[in-house]
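Student: Here is how the chains run, residue by residue.
Number of protein chains: 2
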Amino acid sequence: MVVGGGFGGLQAVRGLRRAPVDVTLVDRRNFHLFQPLLYQVGTGALSAGEIASPLRGILKRQRNARVVLGEVSGFDLERRRVLVGERGIEYDTLVVATGAEHAYFGHDEWRSAAPGLKTVEDALEVRARILNAFEAAELERDPELRRAWLTFVVVGGGPTGVELAGQIAEIAHDTLRRDFRDIDPGSARIVLVEAAPRVLTGFPERLSARAAAALERLGVTPKLDRAVVNVDAHAVTVQTPDGLRERISARTAIWAAGVRASGLAGELADAGGASVDRAGRLVVGPDLTLPGHPEVMALGDMAQVLDTEARSQELPGVAPTAMQQGRYAAKAIRARLNGRERRPFRYVDKGNVATIGRLKAVMDLRGLRLSGVLAWLAYLFVHLFYLVGLQNRLLVMIRWTVSFLTRGRGARLITGEPAETGAARERIAA
Amino acid sequence: MVVGGGFGGLQAVRGLRRAPVDVTLVDRRNFHLFQPLLYQVGTGALSAGEIASPLRGILKRQRNARVVLGEVSGFDLERRRVLVGERGIEYDTLVVATGAEHAYFGHDEWRSAAPGLKTVEDALEVRARILNAFEAAELERDPELRRAWLTFVVVGGGPTGVELAGQIAEIAHDTLRRDFRDIDPGSARIVLVEAAPRVLTGFPERLSARAAAALERLGVTPKLDRAVVNVDAHAVTVQTPDGLRERISARTAIWAAGVRASGLAGELADAGGASVDRAGRLVVGPDLTLPGHPEVMALGDMAQVLDTEARSQELPGVAPTAMQQGRYAAKAIRARLNGRERRPFRYVDKGNVATIGRLKAVMDLRGLRLSGVLAWLAYLFVHLFYLVGLQNRLLVMIRWTVSFLTRGRGARLITGEPAETGAARERIAA
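Just so you know, the sequences run in chain order A and B.
Be aware that the first sequence starts at 1, since it is given in the working numbering, and climbs by one per residue.
Be aware that the second sequence starts at 1001, since it is given in the working numbering, and climbs by one per residue.
Chain A on its own, in the form it takes in the complex:
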């Protein structure tokens, strides 16, 4: 049984397609989501449906796989049962890959003022807030409040934060340029807050510097070495290493900082007498199994993998890690069926790419460091290639082509129950 239809879980299921086993995939959503492009849904460049594929559709031809739509509520490792809703489902081998969620450094009260980007609903909420902020600014007469509506703070200078800040800058300068009559969207201020001394800490320093310079040219103000100390509906407050505080008046804040492993990591640790690390990740052995439970594996963003000397392998929390681990899990299961031994999981660094905006990206490919148009093309290519389904690839290609040519953004819908959107706006404004 596989729990979670993300990058890791899906690879595990697919990797077992020719094995003499029955696979049950449990997920609480009926679709696989291509999270690396979720920020484009959040900024109106893509529709949610274009980066999601129904799990049943993906697996319809894999006759040894079945999909169960349901929420896992507990594990009973003794009886080898997973509780899905009210129902217990038995397994011989269990693979859990339920990813991560946002972490607010113990300040969950910041969540309502600074939503993150993990689900389709998150993305539509972020999109509604960004677009509503421009609408509110257009109606606002008070210059100071208007300024606050036109200030956007993105917290976290990793790939998502950088991509998001770049996209908001392009919305303000290009997409909405002629859309308003009373405000100049180009006067919007986009602030990217990062606690480390540079953005994209996963990349070499030189590329971080290039990314920061590209962001500034786009109209983003990176505020480095600034830890967030408060977020509310009116402002984000940051602090420098020497304790100076700065309050940034902004009606829109988006969270792209810390993540924490899915709650099921803790459940599984409790059930199996294992431990979790500081980020809530389940600590698994070099073969991704739970200590003492060779039939239970955990992988992806919810797992922390030890190497053979029991030191932590610090693997990046990205899709390729989960995919490699998912494929490894399937291979390990097949090996066991054939009575072969499994070798420890070894991560292969396939390189790293982040986009900043139109024709701008940075790429680190095993020492080959690129920035600019070539990296940007590589970004587009890689993301189209890994997107599931030919139809989605075609749709995204068209969206990107039209956006590139017109500097437009076709999916600028403010959706959600109108009352809720209104309420959300009131909540922010209050």
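Hint data in this document are derived by calculation from the structure and do not stem from the laboratory.
Be careful, since some hints might not be right.
[Claimed, not checked] Reference excerpt, derived from the structure (chain B facing chain A, CB under 10 Å, subset only):
#1 1044
#2 1057
#3 1347
The beta carbon of each residue, even a glycine, is placed where N, CA and C say it ideally should be.
Assemble the complex: chain A is given as a structure, and chain B must be docked to it using the hints.
Tutor: Same frame as chain A, now just chain B:
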């Protein structure tokens, strides 16, 4: 000022693009929605963003137009002011075109068990219910309950009801054919309930009969001459003209019957001392103006137009009617600016087309009656042609092509807050 960015309102604004006037378009949503294809969003064939266009984007180059995002809460015809939220906006000429909403024949308690299809949110709710019903059936062990989960009742045999029933049949027989392991989606029962003795009463009788036959071949059971007398979470109860009642056990019902004019029709009638008809539509003169208020016009689904002899012109409640009236309104305003008199509005019947399914449609083009492939191609062509925006046309074309080739449906996402979807399911199941 124009209130409402639907087919009528948008044509009125566009028709004034070269006139020496300032136009303010007020809408509570930030996008124009192509409602004729909303049923395809409801059945997972299209994403919502693909049939919607941001109003600001449509009007960005029309420099005499501005968009105000807000909810109209009242009219003051004496002082020529419209109340938008808390704010009064003055006008010289007012065009109101806020469409229609669902009517449950005085049984608003049916709404929760049988949602309709008027907004993007409605469509996503309908989609979630249809897909969740198959999921629930897969998990259900009791054969009778499973049967109820696999029964879908569409109330109303107009174009939307026929199109919806046909699409659900195709989902069951084609799209989901290999998706489940315990149920056969093809065993689903789709019932189309219509109070009149035939479907598509707006079409000639012969085409109605053809449509009904095509529906039956697709696996839809039309129940004609049946008035709905009750809808709840477990069943739809219908009654024959001679008073016999029949209870159809079904966990999913969709409302595609009566509509009622937008509430603003009544507000405007009260403000201007005018009257509304039984469907809540504002009764306007042959030139679409409010009696005694030549500066106020109402059009589209919210208006009932009298002819010069003060008899009601029974115009179909479709997009072409609203578009023609919107263009007429713009022309009338331009005529008045030039001191010319305005002639009464005259509706031009451009024909009528409804699709039933793959390669199946009926068309009535001023006496030319077609059914089958040709009508189906005409349907596709007309809808692509009127869809706003080149990008959306390309996206929908790809979706349709892929769906046609694979019998798939790319946008089968169950979205909405998971808790809500769950709650909705519980509500239905309760």
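Student: Run every hint past the structure and note whether it holds.
Tutor: Each hint, compared with the structure:
1. Checking residue 1044/B against chain A by beta carbon gives a least distance of about 8 Å; that is within 10 Å, so the hint holds.
2. Proximity of residue 1057/B to chain A holds as hinted, the smallest CB-CB distance being about 7 Å (cut-off 10 Å).
3. For the restraint placing residue 1347/B at the interface with chain A, the shortest Cβ-Cβ distance is roughly 31 Å, beyond the 10 Å limit, so the hint is violated.
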